[in-house]
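Visitor: Following the hints, put chain W in place on chain H, whose structure we already have.
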Amino acid sequence: MSQSRVAYFYNPDVGNFHYGPGHPMKPHRLSVTHSLVLNYGLQKKMQIYRPYRANAHDMCRFHSEDYIEFLQNVTPQNIQTYSKDLLHYNVGDDCPVFEGLFDFCSMYTGASLEGAMKLNNNACDIAINWSGGLHHAKKFEPSGFCYVNDIVIAILELLKYHPRVLYIDIDVHHGDGVQEAFYLTDRVMTVSFHKYGNYFFPGTGDMYEIGAESGRYFSVNVPLKEGIDDQSYVQVFKPVISTVMEFYRPTAIVLQCGADSLAGDRLGCFSLSTRGHGECVKFVKNLNVPTLVVGGGGYTLRNVARCWTYETSLLVDENISNELPYTEYLEFFAPDFQLHPEISSTSNANTKQYLEAITKHVYDNLKMCQHSPAVQMTHIPGDFLPEEYRIKDEPDPEIRISQEEADKMIEPKNEFYEDEKDNDKEPVPETKES
Amino acid sequence: MSECALVASVSDHDASMDVGNDKSLFEPTIDMMVNDFDDERTLDEEEALAAGEHQDPKAELNSLQREGDMPLEELLALYGYNRNMDKPIPEQPPEVVPEENEKTESALQQLYSDNTSPEATRCLRSGSRPPSEEEDDYDYSPDEDDWKKTIMVGSDYQAAIPEGLCSYDDALPYENEDKLLWNPSVLDEKVIEDYMKKNCAINSGTGVDAVPKGKQLRDDEEALFLLQQCGHNVEEALRRRRISAQTPAHASVWSEEECRNFENGIKVHGKDFHLIRQQKVRTRSVGELVQFYYIWKKTERHDIFANKTRLEKKKYTLHPGHTDYMDRFLEEQEASGTSVVRPVSPTPMMMYVPSPAAQPDPLALGEKEVFSQLNPHTTPPRTLSTEEPEPDTVS
Chain H
6 MSQSRVAYFY NPDVGNFHYG PGHPMKPHRL SVTHSLVLNY GLQKKMQIYR PYRANAHDMC
66 RFHSEDYIEF LQNVTPQNIQ TYSKDLLHYN VGDDCPVFEG LFDFCSMYTG ASLEGAMKLN
126 NNACDIAINW SGGLHHAKKF EPSGFCYVND IVIAILELLK YHPRVLYIDI DVHHGDGVQE
186 AFYLTDRVMT VSFHKYGNYF FPGTGDMYEI GAESGRYFSV NVPLKEGIDD QSYVQVFKPV
246 ISTVMEFYRP TAIVLQCGAD SLAGDRLGCF SLSTRGHGEC VKFVKNLNVP TLVVGGGGYT
306 LRNVARCWTY ETSLLVDENI SNELPYTEYL EFFAPDFQLH PEISSTSNAN TKQYLEAITK
366 HVYDNLKMCQ HSPAVQMTHI PGDFLPEEYR IKDEPDPEIR ISQEEADKMI EPKNEFYEDE
426 KDNDKEPVPE TKES
Chain W
221 MSECALVASV SDHDASMDVG NDKSLFEPTI DMMVNDFDDE RTLDEEEALA AGEHQDPKAE
281 LNSLQREGDM PLEELLALYG YNRNMDKPIP EQPPEVVPEE NEKTESALQQ LYSDNTSPEA
341 TRCLRSGSRP PSEEEDDYDY SPDEDDWKKT IMVGSDYQAA IPEGLCSYDD ALPYENEDKL
401 LWNPSVLDEK VIEDYMKKNC AINSGTGVDA VPKGKQLRDD EEALFLLQQC GHNVEEALRR
461 RRISAQTPAH ASVWSEEECR NFENGIKVHG KDFHLIRQQK VRTRSVGELV QFYYIWKKTE
521 RHDIFANKTR LEKKKYTLHP GHTDYMDRFL EEQEASGTSV VRPVSPTPMM MYVPSPAAQP
581 DPLALGEKEV FSQLNPHTTP PRTLSTEEPE PDTVS
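From first to last, the protein sequence lines stand for chains H and W. The numbering of the first sequence is my numbering, which starts it at 6 and goes up by one. The numbering of the second sequence is my numbering, which starts it at 221 and goes up by one.
Worth flagging that the hints you see were computed from the coordinates, not collected in a lab. This one's a predicted model, so the numbers in the text were calculated from it and none came from an experiment. Hints are not guaranteed to be accurate.
Stated by the list, open to error - Heads up, simulated BS3-like pairs for lysine-lysine below, C-alpha to C-alpha not over 27 Å straight-line:
| id | chain 1 | residue 1 | chain 2 | residue 2 |
| --- | --- | --- | --- | --- |
| 1 | W | Lys368 | H | Lys365 |
| 2 | H | Lys365 | W | Lys369 |
| 3 | W | Lys368 | H | Lys357 |
Pulled out of the complex, with its shape left as it was, chain H reads as follows:
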């Protein structure tokens, strides 16, 4: 199999935010992950980008303008003046207002958005953004530690080029925000594997949630019970994804790798090892479809870093040793200092019978969507950005695209664009400014 071209998006500041005392979501896990990636020598195998930062306009592609404006303006200092909005937007314990909140959102969202764009442009086969994957955020409100739904925004970008996008979610929590956003469309299929029942957050993801209207049968939910181990998980994951591929034939994939499905997570209740979790990532990689890989949940810092580092190594096809390299964070990995520590197994509440039954149920539903949607191939030239945003975003003319970079802009291998040349005849006075 040919080596995939991997692009990795990391903003060195994204790990330096803090949700507040006692909050389980710790953005610093991203710094620790990056440090491990670096010290394992994985960085030189990938294109490394310091990503674009999303602006309010990008976020409003999905979210309501009021809500984004609120996010942009609220700070710990002025929070009192927003007391009404706080309730309205469900901001509080789970989703606190912390210092730099909007910057944080703009970093992780920008990275996902740019990953989608690089995939569209065929600049890479796999795009990685571990800071993204905040799958609970809703159009009008934050939810479950997520404020801006970078996944939805990235998928909307992918839909510009791709008739069918598949979303796969292996976070322990249901990917409700993404499912809801695309509940009525057949152009995105969402597949979520998660713990369901017993008051487990967010309370959606029932196996009977299958989508509605044109989107009927295009939301797939695989509810699981606590304690699922590697073997059982993979036993469900592989056949479900294979069936999805067969019936849906996506042209792009977004994979959410929430690490709270690992054993020993502070909030999760599954018993996956980093190897088992990674097995799913490897499986998706081997489907050889352009893929955006994002992070997500994960509340035991050291295990999140281990997991995403290991998965980075899988995505670049590099074997890395079980012994962790020296990093400034080495002490976090005491006492074993290993990439794949032993996990203490809890009892698996998923019987073989249950897993077989749920797989069958999913299969039966998937059969119903056999007719993949055919998207009209209308050509909409350019980006959707209205003029005023374009001007604002217009970059410094000094750093124009170099010849080398221009050469890299290969035309997308998108069979639908045979007539593309017909449409962009207007010569763009690209280089006249100096």
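Guide: Here is chain W on its own, set in the frame of chain H:
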């Protein structure tokens, strides 16, 4: 079986051609084969059963004896289990498919419904929406469905899907707002590795890179970026690297005062970095505080702090060997009134070393900015050298 099918098709063929006789001649053959097949199976099964039953009269007696002594539950379990095993086998083979569909569906539902136990485990941190609302006066429903949420439908909830497809024009919309720091496809892997090794050589002996890093050859983001900036010219990159190696890259080192203020802040405000910044460490951004916190947290300095403030007693039990050593250290510290503490933090950003004359003058020490340049023999993490006033003497 394939033979049988072949025969059957031949027979059909024949039958259509010549009427009567031939067909009747073939029919029994098919029946025979089919029956034969079944017969053989049931025979096998009967034999197997028989073999199981009539083993050895003595053994049978023994087992009966054993069962006689068994507690009732065990006996029931034994027979219940056996019954289950015996019965379905002969019945199963033919029409499983439609039946199982229903069975599993209902089984699934059953399995599904039994997962609402009264003891709730809310798994995102807080119950921003408590499971049982105060005013649930209407029909009593056990909170079974309270926690369930539904996916909402409407323009307030779904994303607007762009119609059709489009393409970017000449340039990516955000092309110039990101920054490519490294591209692996230009140079050969060997060349890069070689470059990285040479880089390490330049750095070794100075600064943090003197700290042993294990056998792994680490990636140096800056070195790779530099190589790219030099148009992937290894020689040029190394030359520039040698020049820049003289000056420490990270000037932003925490002073002793900042560290102490930070610790005070933690003591007063907990992990509220916003408040700490506002009231204690104004010289640093919240981001810097967060970064510092995670490094600081795993250093000796933190342990000492934790002991002192009795925030965390666990460390004592985790490192019992340190106990009296630390007591002595704390006493010493209190006696002298200075903090001769040597924080052991491995990042260049936070690294600092007590000035050689660290001993007596508390005022001078407090104000002094300390440098990130370390001696070749820097202490590895988690070794405290209070005994030695001079860092140079650490072996």
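Visitor: Confirm or reject each hint.
Guide: Hint check:
no., hint, verdict
1, Lys368/W <-> Lys365/H, "holds (24 Å)"
2, Lys365/H <-> Lys369/W, "holds (24 Å)"
3, Lys368/W <-> Lys357/H, "holds (25 Å)"
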